[in-house]
Structures are given as C-alpha cells and as structure tokens.
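If you read the protein sequences in the order shown, they are chains A and B. Using the UniProt record's numbering, the first residue of the first sequence is number 1, and each one after it goes up by one. Using the UniProt record's numbering, the first residue of the second sequence is number 1, and each one after it goes up by one.
Check the hints yourself; a few may be wrong.
Unchecked claim - Not everything, but these chain B residues come out facing chain A in the computed CB check (under 8 Å):
| hint | residue |
| --- | --- |
| 1 | G147 |
| 2 | V181 |
| 3 | V216 |
| 4 | R263 |
| 5 | N264 |
| 6 | P285 |
| 7 | R341 |
| 8 | E403 |
| 9 | G410 |
Honestly, the hints are just simulated from the structure, not real lab data. The C-beta atom is built at its ideal place from N, Cα and C for all residues, glycine as well.
Residue-level listing of the chains:
There are 2 protein chains.
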Amino acid sequence: MSAISELVAALSPEKVLTDPDVTDSYARDRTFLSPGKPLAVVLAETRQDVVATLRWATGHRVPVVPRGAGTGLAGGATSVDGGVVLALHKMTAIRELSPADEIAVVEPGVITADLDRAARQHGLMYAPDPSSYEISTIGGNLATNAGGLRCVKYGVTRDSTLGLEVVLADGRVLNTGRRTVKGVTGYDLTGLFIGSEGTLGVITAATVRLRRAPSVYPATIAAEFTSLRDAAAAVAAIIAAGCQPSLLEMLDRTTLKAIDDWRNIGLEASTQAMLIAQSDAADGPAVAERMAELCTANGSPFVAVSASPQEAEELVGIRRMAYQAKERLGKCLVEDVCVPRSALPYMIERIEAIAARHGVLIATVAHAGDGNLHPVFVFDHGLAEPPPNVWAAADEVFREALEMGGTLTGEHGVGLLKRRWLSLEAGPLTEEIHHGIKQVFDPLGILNPGKAI
Amino acid sequence: MSAISELVAALSPEKVLTDPDVTDSYARDRTFLSPGKPLAVVLAETRQDVVATLRWATGHRVPVVPRGAGTGLAGGATSVDGGVVLALHKMTAIRELSPADEIAVVEPGVITADLDRAARQHGLMYAPDPSSYEISTIGGNLATNAGGLRCVKYGVTRDSTLGLEVVLADGRVLNTGRRTVKGVTGYDLTGLFIGSEGTLGVITAATVRLRRAPSVYPATIAAEFTSLRDAAAAVAAIIAAGCQPSLLEMLDRTTLKAIDDWRNIGLEASTQAMLIAQSDAADGPAVAERMAELCTANGSPFVAVSASPQEAEELVGIRRMAYQAKERLGKCLVEDVCVPRSALPYMIERIEAIAARHGVLIATVAHAGDGNLHPVFVFDHGLAEPPPNVWAAADEVFREALEMGGTLTGEHGVGLLKRRWLSLEAGPLTEEIHHGIKQVFDPLGILNPGKAI
C-alpha cells in the first residue's frame, strides 16, 4: 500500500485531496512566495483527523504544513515539496462559550470575527482583531501571535489565550494551560506554542479569554496632517496624556492616495498623513474630544469626530480598506517592523528616505500606539517576485528597525519571508536554543520545516 | 585549590559567604520547609558576578539556588545540600526608565514597590503588586509569575514583561524578547523563563512595561456579608455588570477575626465575609457606587465607600494586614489554588467543609475577581512542619480545585511545596516535555534542582 493510500485509509477519501489542480489552491498564503508541490492536502474535521495525519506523517517522515485560511503575510503556510498540507479551516466548532467565566473553547478554523460576534451575543468580545479578522482563523492568529487594531489597549493573541489542545508531531495530544485567568504550574507551554508558526505542534483547540464588550460604540476621530512628523507628535501626545485609546492608527499619503483613487474619500492635496483613533471607555466621547484637541495642537488642520456609530464605522473603514487598496497598485511585499514607540517618527522618516533612494513605492500604515509599522513595498503585477531594489530597500528597513531597538515582525511572524534576516535579530545563542526546543517537540523535523526559526 | 577558593578568586572574598551562621539566613524562604546546608552564599552585585558563579558551578557541577528577598511561599528558594545560594538582592539598579516608551529596564533585586514608586515619578505605574510588594523583588516575581491585587485588571507579571537578560547554566548570556510592546520573532523564550522558578537560567535584568497611573485615587468600597455565598454572588454580579474593578478581594471570617484581634477593625458578630473592591477608572466613584449597590442587592447589610484617598487606603489596608494577622495565630501553610471564576462559591464551601472534617483552622482570602484563593492552613507554632491532618486537608483542597478545572497555583509557584501534587495537574506528557526543555537549558541539572517541575 502506498503512503498516500495509508493516509486515505486512516482518514477517508473525501478528506485527502491529491489532484494537483485542487491541491495547488491550498499551497500558498497571501504572499508571492512560490510553494513546493504537496503530495496531498488533508481536510481535517476533527482532532482525531489531525492525530491520524501526524501519526502517519511520523511513520513516513513526511513534512506537514498546518494551514488555516491562508491569509498569512509571511509565507508561514507555504507548502513544501513532498509534504502534506494539513488544512484546519473545517474545524470551526465553538466548543464552549461561558459568560460566567468569560472564556470560550474554540477550534482552529473559527474565523476570528465570528468568535467576536458569538461573544457579543453575551455582552462580551474577543479582543484581538487583526486587519484580516473577517477572513483569518483563530489557528492562524495563534500561529503568528496576531495583533490587530485594538491590541494597543487589549494586547495581542497571547494575552487572550489561557490554554491549548495541541497534537504533537508523533500524534500525542498535549493540553497546556488552563481555564483560569492565572496559573503557574510548570513551564509556560501555552506561550511557547503561540507564535511558533506550526513548527512545534498543531493546535486543535484554544481556551481563550473574552472581555466585557464596551456598552457604547467607540468614539472615533480621524485627523489629517500636513506632515508625518506632526502626526507622530500627536501620537506621542495622545499616549502621554493617558488617553488610553482602544485604536490608534496612522496612514501615510501613499496609502491614503491608493484608498482615495479606489473609493474617493475626498483626500486633500496637502494631506500627508492621517491618524484614526478610538476610545471605547465609559467617557469615550470626552476622550475623543481630548484626542482631537491634541491633534489640533500638533498641527492637524482638520479633525473629524464621529457623532454616531455609523460615522465611527466609516472612519475606521478607511483604515480597513488600506490593504486591498494597495493590492490594486501592484504586487505587495507587506512588512511588519515594530519599534519602540518613541522611535516611530524616526522610523517613518527612514522609510521615506529608503523609498526615495531605491526608487521603490512604499505605502505605510502603522499601529502607531504600538510602534508597529506595515511598510508595503509595491512592485509590478507582472513580476513573480520582488525585484532587487525592493529587496534592497526591505533589507535597509529591517536593519534600521533593529538598530532602533525594534523587531523584524510585530504580528505577522517570520514564516519563510524573514528567515534570512532572523539571525540579525536573534543571534547564534537564541538560534541554538530555538533548535534545541524544536528538537524536544519535533525530533524528526516534520512540522512546517524551513519556517519561523 | 578547593572549589570554594576558586569561587572566591573568581569573585571576591566579601561576595562569598561561607560561615554557616551567616549562610543559614539565606537558606529559607517564608515557608516552614527545612533547607539543605549550602556550601556558600554568593552576594551578586553585577551580571558578571552571576556569569562567574554559573561558570564555576558548571565546572564543578555544583547546584545553584537563585534567591531574591526570600519572601517566596512555595519553597522555590530553599537551599539544597552542597549547593550555592546565588543571592540577587544587591542587584538593585533601575538601568533605564523611559516615560516615552513606557518601559523600564531593571535588575532582579529591585523591590517591586520601589519600581512602582520610581514609575509614579513620571505619571506611570508598574502594575503587578503581589501582597508582598514592599518586600519582594522583581526577580522573585518573575520566577513565580507573581500576580497581586491589581492583576484582576492589569494581568500578572508576564503581562508586564517584554524582555529578559538571562545567564544560562553555563554562564552564557541570553537576551530574550524586546523593547517593543509587540513582536513574534522566534519562540517566546521570555514567557518560558517567567514562572520557571530559576530552573532554566538566572535573570539579571528585565525590560518591563509601565502603564499610565490613574490620575485619581482608586475609589474603594468594603462590603460586609453574613455569608460567603452572598459575597461570592456579589463578585459574580460585579463582573457581569462590567464594572472592571482594579481590585476585588474577599476575606473570610477567620481571616477577619485574626485581623480584628490584632488591630481591632470593629468586626460585627454576624459578618462572615468581606469584599473589598476598587475602581481606578476615570469614572471610578460612579463605578464604586454601582459596586456598592450590587453588594447591597446581594445581601450586604453594610457597605463602606471611601470618601478620600486616606479612607481608600484604610479599606485596602485591611486586606494587606491579612497575612501578618494569620502568622500571629500559628505557623502557616499558605496555599494558592485558582479556579474558574464561576466555581468560586463552590470552592469556598468545599474549603469550609474540608476544614471542619479534618479539624483544621483554614483562613481564606481570595483575589476573587480572578478565582484565585489563598486558603491558609494554620498549625501549632511549636511544630516544625504541618501535622498529618493539615496535609490531608491540603491534599483535598488541591484535588477539589483540579476537579473544578482549576490549578494548584495561581501565583506562588510550585517550588518544593506542591511538587508532590504536580503530576495530578500536569500529567506524564507535560512532565516529559518539561524535562525535555529543562535539558535544553540546563543539561547538567545544576539550576535549582528539585523545584518547580
């Protein structure tokens, strides 16, 4: 019996796809990276499917690439030659949602926004909201420790995760963490799996923390600026004043222009940057007014303040359009550096200088309150991958971020895309320890080889 | 040259204590556990001292027990025969405090409350506040992932830590994490060290996150109840109403009686429990009123609401006296179970039943908002360690907590004290992985042997 027949026997024929025309559609994420040819795609529906697949993979030493919705931006789910793609998007059960304990137990294929909506039925929310939250899965969010717009106030995926059910490389099932909000029995294995990009195990359920949803809509402002420096100064002022925004986003002119060309937002010729900020506090409208004043004091000629939930949604909607608007301009290399908050204005200036020097179009949005920037390097639709000047510019952006005490990736992960810069940040001792830990969980090296570490 | 002479040569004579009368005072934490006889105590003043000690220890295969202020409640810093106690309480530098980035870089010997006070000079605060915060160190807090009173709103030590400088068992220096609030480059080694009780490396600096200090004093209430059940119902009501208290503590009658006998707080004969709650939100006084109403609605015959910072401090002061008051009654076995919040009233009832069945005096305080209970088992001052009925009662408390989906330890750590119950919670697969990870960091097993895992 061939290896694949054994896999089919262990699962069932409809769960194992081998037609190349079909498997190809599971081989990529949202990057331009060329995938390897997978042997098969497994459509897992249960934990037992994952167990059977990993037992089989261990027996045959076949690489396994776990996959959620394929919305990743770093190549973490890009398939490898001769491997199996373990697709988890059909594991969509919310196994439990306890309003009394403010937790939910969810499977990895649950769409992030669906979990949030389920929580809101009970006056709760699931706080992490990556820009992709309408299309990305909890499993993918866990794999990259995804952030989002609200994480300036509520933290990243790690901060909302209490425990995990994980299938190890050899098919054994490990439960980590707990249902309680605190606990320190043994090492923090939950944290170790989060952000490990499927290299240590396959998450089949997560116990996540829900939070009380604000009882009012978030008061929202959008402020235009004639320079990025002014916008960055307003960010610092908003933080220093203790406004505790629940969202604080910055968009540069290139991004705004792309959105305006697509959806006509009435962009002024003099506008070089926009800040969008929210407060979901009980005194949100007063905080929003205060943030608007601070924008004006830092040179904003025009600040819109939402007067209704619809207006708030429209202002934030500008931000949510950013990625799609840029994809209309060309292929995108989406980067994700994060710098100490005080370095934000310098980092933005460096990015502009690098773009000019290399003749590259870079459109930047930032989760400004976190110092997390997404410079998007746009290149020609006709090219298979970024031309040399884009790589050279990206290389300089990474080095600048590290020099400022920052990191290569705030929330997208290392994947395949940033592995060549990893040693600049991690250094040899950290890499030695990463590989030692990998060896503990996956001695045969079958889990998502070539990614993350 | 003897091993100790080599250690003295590598450091300096005044940093190496060997007189047994002196070393004995570094051999214990706050538990009753009998320590082993240490060879020596090293008083580290710099990272280099730690490096030299660990290089020496690796060369001679001598066990090393890291120690902060010795305020631990689980025996994590209890010395071992023939080992060295590596005392870190002299490493007290706040290397950096950046208001713009809202971070500080601190050495492990810094007293937790001192860091908080330093932050408040800049309108910031260090949120984690274990009850011991005036005497415990940041290093000890990191070792156990300490919680505290405010963690119901701000999270535990892990949630305020961005990066670490760690000396590994062989003396190499590892930097983990970053200065940024987000980042996902490589595995979460920062989280792995936090709560590992000195078994994976010795932390010589931490980059911690500071938060804006509330601009007003926290509005505070103290509500008396004639039953623990009513108090627990009020906790559930306060959480469900979305009050987001910044502190929510419960004290049982045995604890209140001990405090009253010591400091005369005018305890009513009918009072069986007290809730103390704070809100540090902008609308704190209104939230406090709402919490007071919810206490009244759940049967509290008397609720005090603070009208000044002094009154607020006095009300919380009752809680802060709890541990010392109990120590006057006898020797204390302090436990630290945590259960899902909804299980709090059941857990309290079980503890009362267990106390009655075994004829043991158990006084319980709880970080009620987190479901984290500290049942304190009081036994005779004349005994060296708990008598069998205390251990039998503790055993039942642990098992009940685990049965409710809880954990053995919310914030004190496993140390020596809870190792015999560890496998009940962790299970063999988790233990296998713990030991695999330990092997990566400390292949000779010299770091705090016999603790935590």
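Agreement of hint B:R263 with chain A interface, Cβ distance less than 8 Å: Check failed: Cβ of B:R263 comes no nearer than 29 Å to chain A, outside 8 Å.
Interface restraint verdict for B:N264 against chain A (beta-carbon cut-off 8 Å): B:N264 check fails; min Cβ-Cβ to chain A is 33 Å, beyond 8 Å.
Interface hint outcome for B:V181 [beta carbon to chain A under 8 Å]: Holds, about 5 Å.
Evaluation of the interface hint that places B:E403 against chain A, nearest CB under 8 Å: 12 Å, violated
Agreement of hint B:G410 with chain A interface, Cβ distance less than 8 Å: 4 Å, holds
Hint check: 8 Å Cβ-Cβ cutoff, B:V216 to chain A: Hint violated; B:V216 Cβ to chain A Cβ min 11 Å, cut 8 Å.
Evaluation of the interface hint that places B:G147 against chain A, nearest CB under 8 Å: Given a least distance of 5 Å, the restraint on B:G147 holds.
Hint check: 8 Å Cβ-Cβ cutoff, B:R341 to chain A: OK, holds: B:R341 within 8 Å of chain A, min 5 Å.
Interface hint compliance - B:P285 to chain A, C-beta minimum distance less than 8 Å: Violated - the Cβ of B:P285 stays beyond 8 Å from chain A, reaching only about 12 Å at its closest.
Violated hints for the displayed structure, listed by number in ascending order: 3, 4, 5, 6 and 8.
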